Amino acid sequence: MNTRDWLRLVASAVLILAVQILIINNLNLNQFMFPQLYIILLISLPINLKHWIGYLIAFALGFVVDSFSYTPGLQSFTCVLIMFLRYSYFNNLVDKEWLSTGIRPSFTTADTGWYLAYVSIFTFVFHFVLLLLEDFSFVNFGNTLLKIVYSSSLAVLLILLFQFTFNRETVNDE
Amino acid sequence: MQNLLQFIRTNFHIFLFLLLQGISLFALFRFNRYHQSVFFSTSSTVNGNILNQRKNVINYFSLKSENQRLKEENILLRTRGTENFLFVSKDTQNVFDSAQVLQYSYLPAKVIYNNIRKQKNYFTLDQGKKHGVEKGMGVISPLGVAGLIVDVSENFSVAMSVLNSDFILTPKINGQILYGNVNWNGKNPNLIQITKISDHYDIREGHEVTTTEFGHYFPQNIKIGNIKTATRKENGKYWEIDVELATDMAQLGEVYIIKNAFRQELEEIEKDYTNEH
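Sequence lines, in order, name chains A and B.
Residue numbering for the first sequence follows my numbering, beginning at 41 and increasing consecutively.
Residue numbering for the second sequence follows my numbering, beginning at -8 and increasing consecutively.
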């Protein structure tokens, strides 16, 4: 990542966090839908980004969202965990050659089918951990599960929409 | 020693990961119960101001419906009024003179953060200690009961929403005080439940549910909602009641904080007796 990439990351982080905090968190669509759009920032970080940088970014993002929804630790825990799972996945299950290209996963840089699966799985896991941790009980597990399914489906849609809208020109970006 | 340093260096990211997770977990459990108020007092100036700015913009979009609600409320206020007064002398009524002391006064406030998704929901208001808000004051919307102040900072306050499984009220159903509990079960944000009402009372769908003065949070006859369904539990004995909330908690905007001028006096005198029961 060079300076230009960093600037772009900061700019998109500000934009996406603003959308998340000021619009989505205040929508109150119904009690089941609470999509976390901002994890698009986490899942589109370069695949060979240094681990410690990745963890710090994840923690910072979670911290910002937490501080605006008065849930200290909740989002940051989930973000750092997702970062850990993402590194485990890239280090063990993709070939080293592709890893060294350091691309940022998106429609234009990766196979569409792979990308869809990648986004869906990580988004689902994120919401699973987040909402389970938030409710922190199995009393209304059916309810929690519905929340997870609805929220993550909506989040996947939003993330794909965002990718389609803002990430078209970055074909030869690596 | 050399080896240890080397080990730490090569596994630095793992340690960082564990450290960050530790911090998060600590924050989560340390602040879980009071997380709102604790977090609030430390970051209230920055976040409160940003949320306030957001609210300033958002306000324009809801002006029309807010106006409508205010009109409805005005009509409501014209048709009542005396229940806000405590009659000091029993033989004078409806005359506004020194025989009556204003017991409940209303402080207008705006909701700057609101949530209906969790089982224990809270919302944040733009009035604080500076404006005379105190813990334990009731919060109503133009349409009905909304919550209860649980924490106050200099400029802001946090209220427990009626959509919070810790929120309990004694209801008045169809004008009659019944010793049940109004308490949300955490499922549908439009429906609140009433439990522990003995089944020999005559309860029908559509009956109006209002507040009582118990707890000294609200004046009596503030609307909570209308009964949507009332069924007898299978083993008899108790009613299972769903009440459709008068307040649309997802659209909470303008609210009033209720100040009970005699709250301290009432609590003082009741203090020795409430613990014995």
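The set of hints was computed from the structure by calculation and includes no laboratory data.
Among these hints, one or two may not hold up.
Said to hold, decoys possible - Covered stretches of chain A, as calculated for chain B (at least 3 residues, CB under 8 Å): (1) 56 to 70; (2) 88 to 100; (3) 105 to 118.
To be verified - For the chain A half of the interface with chain B, some residues (derived, Cβ under 8 Å), not all of them: (4) Phe124; (5) Leu125; (6) Ser128; (7) Phe178.
Nothing here was measured: the structure is a model prediction, and the numbers come from that model.
For every residue, glycine included, the Cβ atom is placed at its ideal position computed from N, Cα and C.
Are Leu125/A and chain B close enough, Cβ to Cβ, to be under 8 Å, as the hint says? 11 Å, violated
Status of the Phe178/A interface restraint (C-beta, 8 Å, chain B): 13 Å, violated
Mind taking a look at whether chain B covers the segment 105 to 118 of chain A? Criterion is 3 or more residues with CB to CB distance under 8 Å. holds (count 11)
Please verify that hint: Ser128/A, Cβ, nearest Cβ of chain B, below 8 Å or not. With Cβ-Cβ at 11 Å, over 8 Å, it is violated.
Counting residues of the segment 56 to 70 of chain A with a beta carbon closer than 8 Å to any beta carbon of chain B, are there 3 or more? Since three or more residues must qualify, the claim that chain B covers the segment 56 to 70 of chain A holds, with 4 doing so at under 8 Å.
Using 8 Å as the Cβ threshold, decide whether Phe124/A counts as touching chain B. At about 6 Å, which falls below the 8 Å cut-off, the nearest Cβ of chain B leaves the hint on Phe124/A intact, so it holds.
Has the segment 88 to 100 of chain A got at least three residues whose CB is nearer than 8 Å to a CB belonging to chain B? holds (count 7)
The structure fails to meet hints 5, 6 and 7 from the earlier list, while all remaining hints are met.
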